[in-house]
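Chains as they are written, first to last, in the numbering used here: chain A, 253 to 601; chain B, -19 to 322; chain C, 73 to 385; chain D, 997 to 1526; chain E, 7 to 310.
One thing to keep in mind: the hints can contain errors.
Said to hold, decoys possible - Computed cross-link-like contacts, DSS-like style, restricted to lysine-lysine with a CA-CA straight-line distance of at most 30 angstroms:
#, chain 1, residue 1, chain 2, residue 2
1, B, K108, E, K8
2, B, K113, B, K46
3, B, K46, E, K8
4, A, K543, A, K568
5, A, K543, B, K255
As the list claims (entries may be wrong) - Between beta-carbon pairs, the in silico distance windows are:
#, chain 1, residue 1, chain 2, residue 2, range
6, E, I108, A, S548, 41 to 49 angstroms
7, E, F136, B, S26, 33 to 41 angstroms
8, D, E1449, E, S94, 48 to 56 angstroms
9, A, V550, E, K8, 21 to 29 angstroms
10, C, S270, E, K8, 28 to 36 angstroms
11, E, K8, A, S548, 47 to 55 angstroms
12, D, T1146, C, A147, 46 to 54 angstroms
13, E, I23, D, E1043, 52 to 60 angstroms
14, B, R126, C, Y210, 42 to 50 angstroms
15, C, G266, E, R55, 29 to 37 angstroms
16, C, G266, A, V550, 40 to 48 angstroms
Simulated from the structure, these hints should not be mistaken for lab results.
Everything numeric in this text was worked out from a predicted model, so none of it was measured.
We put the CB at the ideal spot given by N, CA and C, even for glycine.
Residues per chain, in single letters:
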Amino acid sequence: MSDKKVETKEPHKSNTQEPLLEIRGLKKHFDVTEGWFKKKREYLRAVDGIDLKVYPGETLGIVGESGCGKSTTGNLIVRLLEATEGEIIFEGENLTELDGEKLRQKRKDIQMIFQDPFSSLNPRMRVFELIAEPLRTHQTHKGKALSERVYELMDVVGLSAEFAQRFPHEFSGGQRQRIGIARALALNPKLLVCDEPVSALDVSIQSQILNLLKRLQEQFNLTLVFIAHGLPAVKHISDRIAVMYLGKVVELTTREKLFANPMHPYTEGLLTAVPVPDPEVRDTRERVVLKGDIPSPVNPPSGCSFHTRCPFADEKCKQDTPAFEELKPDHFVACHYPLEGGKGTIQRS
Amino acid sequence: MKDENQLLNVSNLQTHFFTENGTVPSVDGVSFQVNKGELVAIVGESGSGKSVTSLSIMGLVEDPGKIVGGDIMFEDKNLATYTNKQMRKIRGNDIAMIFQEPLTSLNPVFTIGNQLREAILQHQNVDKATAKKMSIDMLTQVGIPRADKVYNSFPHSLSGGMRQRVMIAMSLSCNPKLLIADEPTTALDVTIQAQILELMKDLVKKMDTAIILITHDLGVVAELVDRVIVMYAGQVVEQSDVFTLFKDPKHPYTKGLLDSTPKIQDLNEELISIKGTVPTPANMPEGCRFHPRCPHAMDHCISHEPQLETMENGREVRCWLFDEEVMEHERQKSGNEGTPQK
Amino acid sequence: MSQQVTPEPIPEPPVEPTPESKRRLKKSSPITRWAKLLLKSKTGTVGLFIVLVVFIVGIFADQLAPFGVNEQNYANMLAPPSWAEGGTSEHFLGTDNLGRDILSRIIYGTTISLLVGIFSVVVAGVLGMAAGLFSGYYGGWLDTITMRLVDAFLSIPNILFILVILSVLNPGILTLIFAIGVTNWVIYARLIRGEVLSVKEREYVKAAKSIGTKNMTIIRRHILPNVFSTFIVISTLSVATTIILEASLSFLGMGVQPPDVSWGYMLADGRDYLATNWWLATFPGLAITITVLGIIFLGDWLRDVLDPRSQGR
Amino acid sequence: GGEDNNDNEANTGNADEGNDNNAAEETDNNNAENDDEGQAEAEELIEDSTLVIAMGTDMVSWDIHDHGNTSTEAVHVNVFDYMFKRNKDTMEVEPHLVSDYESIEDDVWEFTIRDDVYFHNGDQLTAEDVKFTFDRVMEDDTLSEHARFTQLGDIEVLDEFTVRMTTDGPQPSLLNRLGQTGASILPKDYIEENGMDHFLDEPVGSGPYSFVNWARDDRVELEKFDDYFLGEDFTEWEEVVFRAIPETSTRVGELLTGNAHVVTDIPPNEWDRVDENDGTRHINAESNRTMLIIVRQTEGVATSDPRVVEAIDLAIDNEAITEQVMQGSGTPTRTRMTPGNVGANEDLFDTFVYDQERARELLAEAGYEDGLEITMQAPQGRYLMDSDIAEVITGMLSEVGIDLNLEFLEWSQFIEHYQGNTNEELMLLGLASSLFDSAQGLDHYTSESPLNEGRMDWVNEEFDELFFAADVNMDPEERSQQYQDAQEILAEERPHIYLHSINMNFGVSDLVDYEPRIDEMYYADEITRR
Amino acid sequence: MKRFLIQRLLQLIPVLIIMTFIVFSLVYVAGDPVALMLPEEASPEDVARVQESLGLNEPFYVQYGIFLTNAVQGDFGQSYRYNQDAMSIVLERVPATMELAIASMIFATIIAIPMGIWSATRRNTFIDLFITGSSVLGKAMPNFWLGIMFILILAVNTQIFPVSGRGTFMHVVLPAITLGTAVAAEMTRLTRSNMIEILQQDYVRTAKAKGVSNGIVTYKHSFRNALIPVVTIMALQTSTLVGGAIVTEQVFAWPGIGQLLVQAVNARDMAIVQAAVFLIALLVIFINFIADVLYRLLDPRIKY
Ligand SMILES: Nc1ncnc2c1ncn2[C@@H]1O[C@H](COP(=O)(O)OP(=O)(O)OP(=O)(O)O)[C@@H](O)[C@H]1O
Ligand SMILES: Nc1ncnc2c1ncn2[C@@H]1O[C@H](COP(=O)(O)OP(=O)(O)OP(=O)(O)O)[C@@H](O)[C@H]1O
Ligand SMILES: [Mg+2]
Ligand SMILES: [Mg+2]
């Protein structure tokens, strides 16, 4: 196997450095009341109070089941959605309060890579125009400088210059995703939010893109928020991982700790549910098969929202919402009965 | 050679689509066997012809597609020659199929019960009440709580996982001898996927149904099946039992596929990827179809198409690297001309 | 080299163009692609042919028509077509009740039928496009108001609306164009809005927003080009409906006014002669039917070419 | 004075009917074999004693004073009775409800009502009803007939069956007036008891038929009134149906299939079809409606030059219009008073002037040798072949170098221009005179007439003198002569350029006999079984 | 369901207000009807008096306000032409128009649905081509022309149907076919394209995989789904249908709202126009509402 191991970055610098991005009590409730008159307005709690910090140069992974609010969080960070409540502090400025021209300027620093390379590029624009669009929008480059910059970006993401005059449909999924990345990099952002950038791609292409992202991060000292629901991909790229369930972060820690010693029962269920591409271990591997379906974010369960599927839930879980606390150094969990040693032994507190 | 145990024998199956832009040979000479009660996986990237192969077996290839060659021997019947009417007796009864998208594979305007019952009424000589009882039984078996209530509800009120269970119940309701599951879990969450895979494993054990599992998720393959068929660009490129395949993949494509799958255990390796993309059937490369992407491609590969060769323990590989003669020749060439082509 | 293949890290890109994208590159000129798709569709070819012929006739009406549009000849009234029994040789399609040459009038009628058809569609299209784009994109109260307005318009049959407008204003081609235009904009507004609602949720629009593109720029560069094909398709079919609508208005006495002549006018005018002098109404009727047919064919074909989903088929 | 001139003018109902039975020509095809089904239908209806008349437009109201519409009146005459009624052959008024009358002075008249007349509801018709009727129209100035009856002045009930009218000055045409629209007698008690709205829903008259049903824009159904004062045998129809069918070919279709016995407004191209069909025929009959062009002679307008006006008249080949375009369904004329009207100048009828050469000369004299551009407004679908006529005239004028802009107007807009005096140089119109008296027909041209001032602006003192003298002249002979002289002046000076009198065209079933009346009324009793 | 009903009723209000406003403005611009009401010799004083008595001298917004207040109470004013309550005159006509509209809808449905299914299931065959061709032709013929042809051929020449008027079942046949043809054409094309789309759906494949017969696949699994959009779009067609009725009624002397309307427009009888437009709008909205209910019945995914 390859000896080209990528250096593990130093553990997060939580105590030493100011976070680049800080999310406090972020909520997004979608109004799902139909019609004008209804006795009770109903809300879909897509994001229901999350707190996160992202430090410069690190990669924060966000994982969780489909519909748990990952994309919504991502969209809130780049201000594609307005938060219902909470603050998003980027470099000391509260993004949720920004507006108009100030916001437009701020957007330069926070860029996004989208999930679907097929729908995230305007089918009627040529590659050159697509990559030039952010530069033109912010008028950072003009004329010759502009085209030089575009070609430079294409080179960075590994697209040969001769592709510049083509339309997106003339590319494969992986190539399209590269165009998306080039666009995102164009303005030298400080923070890059990747919303499932590889889940629409084939396995073999996925790895190309993941490698590229990793390389670019080193090259440009990017800070990444990497959203995915496939754990393996996240694992490869993240320094710390936040696990979301039903609009809340239930566990947040370094990836080593997470994989070695998940403390939230949901995290454990998620980890063991990921099929391992090794038939040798299939009969010996331990797994926690979670029962039941994901509850609806419109009527989230009382208390701990995971209690309906949790093998260890009791009355307390049904009634009290567990706090999101740092139970171990750099290991935040929201659970009344966090797991100890990753082996399902319950630490009764 | 007819094996007692053999249930399905596909040989040299060719299914082409006659589109406005010319003929698309989506399946181009696929051969494989499935034994009774066996769990077989067909893997391969998107567009490699997995679904078309399974639809050909079901006789559900739609216009402008046609089976243009090869045999599909099911027990002693050649399904390739069956008319639609004859196939109707086979479908749902002897061979059942689960489709990829549980969200769209159930008719939204009829109740679950209505749709479940249909197959039973069609193939088994029972009255409606019995069919209902059987359906509810089946629902209970696939682990749906309050099955009698679910029986009367519409698909939209069920979650993805439940719908997929309904699909499984539906396909198993007539005790088929062969179940084709075309990417049954790709639309589901991992935790739900785990439930479904667990369920399928149990059911097969109980009912002794053979399963063809179509997927491109090698993790799922490793978890579940006995034997693996790897397809690339409309052809089978490798065929082996699951343990050997993962331990010792022969075909460079299989290897690439395995390597580029991120594994949860190992951290921090740079992932290995296969360069380029799957060729479309309309632009098939000459020679070995994988050669433009193959790290070991030789001159020979560019012009000569390899055949599926049987190796030790019944493995089959389609690659010149395993042809002694060719390799000998190449070695000589490289001796003369320097390093062999990469 | 051993027979055993050792996995090697596969070098990083630059990615080569795939064979397919190479192929596409060669043929990416839209015109050749359209032509190819056109020739593949028989009805599309027929439709385009008809429409082209009609346009040419409309443009060169003066040169093509053997007689003046209002050239009367009392000596030769209601003459049957030259090839029918009792016909006179100089009037290929016969003459009408004032002895005017029907062929010439049909040729002249082409111009006005097309003018009315096309320009009322332009008026409706521009209004509807603007309403659809802005209300769909911005949503909120603008959308609410626009859509209620659309509902109100849609709940009144447009022919009725047009009748009322025409009775208020002086009849004539311009009024007709205006009346049809301001009643038909709702169709565009509604369809375009629907399309905008879906386009604005596409990720590329979000992507544009996320890089700080201004709303007007997004509408102009991202939304408009992507709803334009829908617009083209509706408007083609709309030209067809307008030609028929104009005929109905003529029937009600509110269409084109003489001395202008349109097919609809001729058809409505000649209807009293259907039982006795069939050629008066039949030929303009045929002209309408064939043209509408051509436009519908062309529109269907356009729908196919412009709909990205159907391109693979 | 300018009182009764507008009768049945531009704003009358549908186009063009009229009759003079001498002129009525009938075409009949009896030799051909029967068209079975159509014939069977028609026979069935006849056996039921049901008569069906299909018209182009429906009647609009049962209010006799508020419709101003010939085709409405044509239905009313079957339900209501008048004090005087026009003779169907001579068009002269004859006493109807009146048993005796006397002109006591030039402006005082006494009428004795018959004592055997009953309304459909059983009430007897008395002098009170007469007074009620005329008082209503004279008092209520919102009624459309109001202006035409104000001259009737004071009405006194002398006894149960006698009324005295003191008119506003001498009224030579009074009797005509009492036989026309608005003069039918209403049931006073019925209306006072039930109110006018009820009357409009369920009208009651004293005529030969009583009201059964009116489905608007569909049909009016009447049934025979058994107590009619002229006796039970007055009419042979038990039931009369007036159907409204706007579309010509549909109307003809109903005739051909035997579902209607008399069908109005048949355009020339359908004549052959009607004639050739077995069991139906076409009737072409003269009316007193004249097609004409109003000429604006206001200072500064091109047509204020008499030479231009004459040139226009000379450029129009009236016979080509009547013979070629209208297939003989009209007669060229140089006056609007057709024969049969009191004071009609018959010398000017059935003649026309046409001389393109002279027309060009006149134009050149007037300074328009290089051409002249003027506008003509015309209605469309109002009168028989009106738009065709307009287009033909355009063609004719272009031959002498007049470039005519044709402006077709929808009727309500047309009438707006007409009434608002916003007419252009020329305006095409068809005028009839329901009074059958030149007093009404020639009133247009006096210098005082609101119909002249601002619209034609034509002034001729000699004409004024003749007209006003005749207006109060109680000597019929002399009065008639004065009118005829006045018409000579009109023909020369052309405030109106007369084109032709319009003929009415009917399709008639061979099962009935029908002679159309020149006053365009459809008296069901005058249609008889063959 | 109840809430849905109330909601729909409430949504009606702005639509109707906007609609009456549009029509009222048009009427206002149309100028005053007094000219047509009075005899030509009427003096300017007469005109002013009548204008005042009709409230026509008030400013626009006052007039509209008065109109709206009265309209809310169901009073659309007097018809100038008939001197009667406009709404009751219009209401008299509703049955005839409804009869025609329903008959033509039934005709269209009976023709179009089987044709659409037929041509969808035999895609690209001669039958498909023929059906598609005829439906395009059906759209391309103006309906007054079609009506007159029907009268000539089927009523006058062969005397199968009555020529015109309203009465027996036979009377409604020709007008209904005339009016229904364009709708049928549209519906055929729609059914066809929906069926084609539905036939490609996953659940149809599922049904086939169960081994059920073609009939069940076509009529049970596909048709019901294909019907859903057809229902909504056909409801949207009602307004076209009523528009077409204006012409058709004239051809067949059918005493419906359409004929009344054309005459009212020509006579500037605006009270009638207002009342009729209002009623038609209500009718159209009502039919759309029915379609909505139907839609919800057909498609269990939609909840009340
Ligand atoms: N615009 C919206 N209006 C209403 N609900 C929304 C909207 N956007 C998202 N939601 C809901 O919010 C919840 C969270 O959605 P989100 O897209 O953030 O999930 P996710 O974790 O990204 O899921 P996935 O992995 O499927 O992308 C979901 O239940 C979704 O249905
Ligand atoms: N109806 C069709 N017409 C033309 N080509 C088709 C049609 N259906 C499938 N194909 C082509 O056949 C090839 C094989 O398709 P198939 O669906 O079997 O792939 P797959 O391996 O199942 O991929 P996936 O993993 O995406 O389901 C593809 O290239 C596809 O483009
Ligand atoms: Mg997401
Ligand atoms: Mg597939």
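Hints and how they fare:
{"no.": "1", "hint": "B:K108 x E:K8", "in the structure": "35 angstroms, violated"}
{"no.": "2", "hint": "B:K113 x B:K46", "in the structure": "39 angstroms, violated"}
{"no.": "3", "hint": "B:K46 x E:K8", "in the structure": "53 angstroms, violated"}
{"no.": "4", "hint": "A:K543 x A:K568", "in the structure": "20 angstroms, holds"}
{"no.": "5", "hint": "A:K543 x B:K255", "in the structure": "40 angstroms, violated"}
{"no.": "6", "hint": "E:I108 x A:S548: 41 to 49 angstroms", "in the structure": "43 angstroms, holds"}
{"no.": "7", "hint": "E:F136 x B:S26: 33 to 41 angstroms", "in the structure": "40 angstroms, holds"}
{"no.": "8", "hint": "D:E1449 x E:S94: 48 to 56 angstroms", "in the structure": "42 angstroms, violated"}
{"no.": "9", "hint": "A:V550 x E:K8: 21 to 29 angstroms", "in the structure": "22 angstroms, holds"}
{"no.": "10", "hint": "C:S270 x E:K8: 28 to 36 angstroms", "in the structure": "32 angstroms, holds"}
{"no.": "11", "hint": "E:K8 x A:S548: 47 to 55 angstroms", "in the structure": "25 angstroms, violated"}
{"no.": "12", "hint": "D:T1146 x C:A147: 46 to 54 angstroms", "in the structure": "53 angstroms, holds"}
{"no.": "13", "hint": "E:I23 x D:E1043: 52 to 60 angstroms", "in the structure": "56 angstroms, holds"}
{"no.": "14", "hint": "B:R126 x C:Y210: 42 to 50 angstroms", "in the structure": "46 angstroms, holds"}
{"no.": "15", "hint": "C:G266 x E:R55: 29 to 37 angstroms", "in the structure": "52 angstroms, violated"}
{"no.": "16", "hint": "C:G266 x A:V550: 40 to 48 angstroms", "in the structure": "26 angstroms, violated"}
The structure is inconsistent with the numbered hints 1, 2, 3, 5, 8, 11, 15, 16, although it conforms to all the rest.
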